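Participant: Fit chain Y to the known structure of chain B by using the hints.
Chains B and Y are the protein sequences, given in the same order. Heads up: take any position in the first sequence, counting from 1, add 17, and you land on the numbering used here. Heads up: take any position in the second sequence, counting from 1, add 6, and you land on the numbering used here.
Read the hints as simulated data drawn from the structure, not as lab findings. Remember, predicted model here, so these are calculated numbers, not experimental data. C-beta atoms are modelled at their ideal positions from N, C-alpha and C, and glycine is treated no differently. Do not rely on the hints blindly, as some may be mistaken.
[What the hints assert, rightly or not] For the chain Y half of the interface with chain B, some residues (derived, Cβ under 10 Å), not all of them:
#	residue
1	Met7
2	Ile11
3	Asn14
4	Leu15
5	Gly16
6	Thr17
7	Val27
8	Ile32
9	Ala38
[To be verified] 27 Å max Cα-Cα, derived BS3-like pairs, lysine-lysine:
#	chain 1	residue 1	chain 2	residue 2
10	B	Lys181	B	Lys64
11	Y	Lys40	B	Lys174
12	B	Lys641	Y	Lys40
13	B	Lys21	B	Lys140
14	B	Lys525	B	Lys619
15	B	Lys281	B	Lys165
16	B	Lys839	B	Lys785
17	B	Lys561	B	Lys785
18	Y	Lys39	B	Lys59
19	B	Lys21	B	Lys174
20	Y	Lys39	B	Lys275
21	B	Lys529	B	Lys616
22	B	Lys778	Y	Lys39
23	B	Lys252	B	Lys228
24	B	Lys616	B	Lys785
25	B	Lys619	B	Lys641
26	B	Lys619	B	Lys529
27	B	Lys252	B	Lys285
28	B	Lys656	Y	Lys40
29	B	Lys285	Y	Lys39
30	B	Lys165	B	Lys778
31	B	Lys561	B	Lys619
32	B	Lys228	Y	Lys39
[As the list claims (entries may be wrong)] Here are some chain Y residues pointing at chain B (derived, C-beta under 8 Å):
#	residue
33	Val20
34	Ala21
35	Val23
36	Ile28
37	Cys34
Chain residues, written in single-letter form:
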Amino acid sequence: MEDKISIALAGNPNSGKTTLFNALTGSNQYVGNWPGVTVEKKEGALKNEESVTVTDLPGIYSLSPYTLEEVVARNYLIDERPSVILNIVDGTNIERNLYLTTQLIEIGIPVVVAINMMDIVRKNGDTIDVNGLSKRLGCKVVEISALKEDGIIEAAKVAIEVAKSAKKTVKHIFSGAVEHAIAHIEEITVHNLPEDMQRWYAIKIFERDEKVLAQLGIGEETLSHIEHDIVACEKEMDDDAESIITNERYEYIASILKGVYVKKNEGKLTLSDKIDQVVTNRILALPIFAIVMFLVYFISVTTVGTWATDWANDGLFGDGFHLLWIGDGEYNENAENYANSNTVINGFIEWSESGGENLDLLKDTINTENDYFDAENAKTALQTYLFSLPINAVASYTVVDEETLQESVETATLEDLKNAINALIGYDFTEPDPASYGVWVPGVPVLVGNGLEAINCADWLSSLILDGIVAGVGAVLGFVPQILVLFLILAFLEDCGYMARIAFVLDKIFRKFGLSGKSFIPMLIGTGCGVPGIMASRTIENDKDRKMAIITTTFIPCGAKLPFIALIAGAVFGGAWWVAPLAYFTGMAAIVVSGIILKKTKLFESEYTPFVMELPAYHMPTFKNLMHTTWERGWSFIKKAGTIILLSTVIIWFLTYFGFTDTGFRMLAEDEVDKSLLAVVGGFISWIFAPLGFGTWQGAVATITGLVAKENIVGTLGVVYGVSGSAIQAISSAFSPAAGLSFLIFNLLCAPCFAAMGAIKREMNNWKWTTFAIGYQTIFAYAIALIVYQFGLLFTGAVNVVGLIVAIILTVVLLYFIIRPKFGKKEAKN
Amino acid sequence: MFEWIVQNLGTIIVATVLIAVIALIIVCRIRAKKRGESSCGCKCSECGSCTACHNKNKVDKS
Chain B
18 MEDKISIALA
28 GNPNSGKTTL
38 FNALTGSNQY
48 VGNWPGVTVE
58 KKEGALKNEE
68 SVTVTDLPGI
78 YSLSPYTLEE
88 VVARNYLIDE
98 RPSVILNIVD
108 GTNIERNLYL
118 TTQLIEIGIP
128 VVVAINMMDI
138 VRKNGDTIDV
148 NGLSKRLGCK
158 VVEISALKED
168 GIIEAAKVAI
178 EVAKSAKKTV
188 KHIFSGAVEH
198 AIAHIEEITV
208 HNLPEDMQRW
218 YAIKIFERDE
228 KVLAQLGIGE
238 ETLSHIEHDI
248 VACEKEMDDD
258 AESIITNERY
268 EYIASILKGV
278 YVKKNEGKLT
288 LSDKIDQVVT
298 NRILALPIFA
308 IVMFLVYFIS
318 VTTVGTWATD
328 WANDGLFGDG
338 FHLLWIGDGE
348 YNENAENYAN
358 SNTVINGFIE
368 WSESGGENLD
378 LLKDTINTEN
388 DYFDAENAKT
398 ALQTYLFSLP
408 INAVASYTVV
418 DEETLQESVE
428 TATLEDLKNA
438 INALIGYDFT
448 EPDPASYGVW
458 VPGVPVLVGN
468 GLEAINCADW
478 LSSLILDGIV
488 AGVGAVLGFV
498 PQILVLFLIL
508 AFLEDCGYMA
518 RIAFVLDKIF
528 RKFGLSGKSF
538 IPMLIGTGCG
548 VPGIMASRTI
558 ENDKDRKMAI
568 ITTTFIPCGA
578 KLPFIALIAG
588 AVFGGAWWVA
598 PLAYFTGMAA
608 IVVSGIILKK
618 TKLFESEYTP
628 FVMELPAYHM
638 PTFKNLMHTT
648 WERGWSFIKK
658 AGTIILLSTV
668 IIWFLTYFGF
678 TDTGFRMLAE
688 DEVDKSLLAV
698 VGGFISWIFA
708 PLGFGTWQGA
718 VATITGLVAK
728 ENIVGTLGVV
738 YGVSGSAIQA
748 ISSAFSPAAG
758 LSFLIFNLLC
768 APCFAAMGAI
778 KREMNNWKWT
788 TFAIGYQTIF
798 AYAIALIVYQ
808 FGLLFTGAVN
818 VVGLIVAIIL
828 TVVLLYFIIR
838 PKFGKKEAKN
Chain Y
7 MFEWIVQNLG
17 TIIVATVLIA
27 VIALIIVCRI
37 RAKKRGESSC
47 GCKCSECGSC
57 TACHNKNKVD
67 KS
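In isolation and in its complexed conformation, chain B is listed as follows:
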């Protein structure tokens, strides 16, 4: 039977390790967790070589015990002893990547070095003498390009050969004093261990690696003996033991690369460096970041996203659409002409009535909704009215925009009226039917409605499906195009390397408030979904900073909040371009303000933790990766609409359309929804939101159902406001601009959805902290929304004196918390 071979893939983060793993194993992968920890463990059989197992180790920079990934990787290598280590080295950053290589070689397991990204190395004009490097390192070195799958099979074959020959690698020799100390340590403490492993343990003991010392259980007497050797070496080298080893490794790397690695543009700035000179510039960085994020939300919500979402909302989930827009222009032209003609006629009638004329009979005759309407009578009545007017008549009348409810004053001449009457006669007083133009595809509600009618479905069930599920889920799904555009742009910014720069740029600002730039990583991930964002706070070592990141991460609008941002922008602000970017910057400002406030309290006071991160070179993301990331996140949104949101809309429909009336508990008619169960429950709590401007049962229940999932806000508004016809129009008339802004801000900043609350509980691992986090978010959101609404009323003239006083007090309190001295500073002074 053939012996099993295990290949461990080890390398720095972003060195192309996982790409290589995927290419080597294909679909033969199984994913699990490393024992006892939450780091993902990937294993797989080598393609066409079932006896060879490949293990993808976490990305690490060294075998130090400072991060979970490093500990997991080194425990695996020391305890499991794979047959061979395939060390992936990023050829474009070879000096730093070889640092790990020098440590891997010391473990005593055969090593094969695979220099990745050789295509980019060659493109840059750099050269690496692979044979020379192999001789100096004392192990096989191969060239690969994991992304293009060049040389990967050869690399695997070399690894198998080396594993079979079990050829050990030549070891790097430290300077005399260090080698002397290591030799002593080997002799005293690890001589009973297998020979291959002795050196690695001895170096770790020299570095005073606590985990290794604990693992070996070295006695006090031996420990003090070797400590004497280490201190002697430190005195001689004038440095601490760990730094001595680190410096010697880098010196060794520099020595072996001399003559082997030639960089064409040594000392010159790369394209990435040149871009960074602008993008991370001390003065320009922040404005550039603000412009980029403004464009992200502007493009996804106001331009490209809106065009697609309008089609989805009005077409796919509305009345229908013209296939490939054939006939769309002609229909729109006629529909507009018909609407304008009606406006002119109604305007003239309004103008005449304002002069004291009674035109009730005319209005009744031309009302097409009357059962007894007759086109001929209407024609005669309008022409009679036309001839009764003076030749120089100019009517002035008020026009109300159906969507935004904005009023404007317009004028029309007698000639305009004549043309309008002729136009209506031409249309035979019938509104143009879109189905009569081009190829008309009915929308989902129309198709479903027709289907239900055809099978004679009961009215209550049709209502549940059409007014509940289709209206609610459709309202959410209508925003899928905007979501996809947002995720696509964010994926592009992440993949090209710009997001890493934002963390670097924000670190400078965050540092001033005592926050770490690392807090930006949860925020960045939180733009997709708050749950992984909260989980990403684990990267923050400082416990107080980590707790603060958990509390503030969900202030950034996640993908689920985008539909209601877009809904408020469209319904309340007439599709204003600034609403979506404002939502993002409100979230960002809430994080900074909360950081300042909380950092000054005893609970969160801590020293600034330095933030070190790698800035990858800028590169053009691959189309496949962009599509994959966008689809993964977008599909998650769609799945949620088809599950959680669908269930919620069924419940909301039931609560909206059923209630207690004088005749008992029954299904309600459209004009009776004020008696619904939802109206009763909403009315019971709506007073809480009255100071914020949306103290209606609809606003209250939308906010509460948003706790199940934030998309539910749109779904709920779609159902409760859709009762009377167009939900957009109803929302537009229900929310004043100040109330709309307050509603937007409160729902952006308040407690997140239950899934995110669960993540907060898991990460805090403490009920008190979880309650504090959710309580802080909700109180903070309430205070900001109240301030915005009450000050907003100043612009409308409808000032509420009590509300304004409360808003002023809250603003003063907020400013006090922002500018007051840090906790303990006063005591220190005293």
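Facilitator: Coordinates of chain Y only, in the frame set by chain B:
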């Protein structure tokens, strides 16, 4: 009874399908909850920065 069923066949079919869909969603959500997945379907492994997450308390247990 038979006549009533025939008259309401459309309603019965639609109601049955709807109940089945809702039951399926509930069962799937309960299973997902037991697997430790969040309701948004976003798993840690789907996150681009999953390898960056670590918890020092858990390291000591390993």
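Participant: It remains to establish, for every hint, whether it holds in the given structure.
Facilitator: We went through each hint and held it up to the structure:
no.	hint	verdict
1	Met7	violated (17 Å)
2	Ile11	violated (13 Å)
3	Asn14	holds (7 Å)
4	Leu15	holds (8 Å)
5	Gly16	holds (3 Å)
6	Thr17	holds (4 Å)
7	Val27	holds (8 Å)
8	Ile32	holds (7 Å)
9	Ala38	holds (9 Å)
10	B/Lys181 with B/Lys64	holds (18 Å)
11	Y/Lys40 with B/Lys174	violated (42 Å)
12	B/Lys641 with Y/Lys40	violated (33 Å)
13	B/Lys21 with B/Lys140	violated (39 Å)
14	B/Lys525 with B/Lys619	holds (23 Å)
15	B/Lys281 with B/Lys165	holds (23 Å)
16	B/Lys839 with B/Lys785	holds (24 Å)
17	B/Lys561 with B/Lys785	holds (15 Å)
18	Y/Lys39 with B/Lys59	holds (23 Å)
19	B/Lys21 with B/Lys174	holds (14 Å)
20	Y/Lys39 with B/Lys275	violated (56 Å)
21	B/Lys529 with B/Lys616	holds (11 Å)
22	B/Lys778 with Y/Lys39	holds (15 Å)
23	B/Lys252 with B/Lys228	holds (24 Å)
24	B/Lys616 with B/Lys785	holds (19 Å)
25	B/Lys619 with B/Lys641	violated (48 Å)
26	B/Lys619 with B/Lys529	holds (18 Å)
27	B/Lys252 with B/Lys285	violated (38 Å)
28	B/Lys656 with Y/Lys40	holds (18 Å)
29	B/Lys285 with Y/Lys39	violated (54 Å)
30	B/Lys165 with B/Lys778	violated (43 Å)
31	B/Lys561 with B/Lys619	holds (10 Å)
32	B/Lys228 with Y/Lys39	violated (36 Å)
33	Val20	holds (5 Å)
34	Ala21	holds (6 Å)
35	Val23	violated (10 Å)
36	Ile28	holds (7 Å)
37	Cys34	holds (7 Å)
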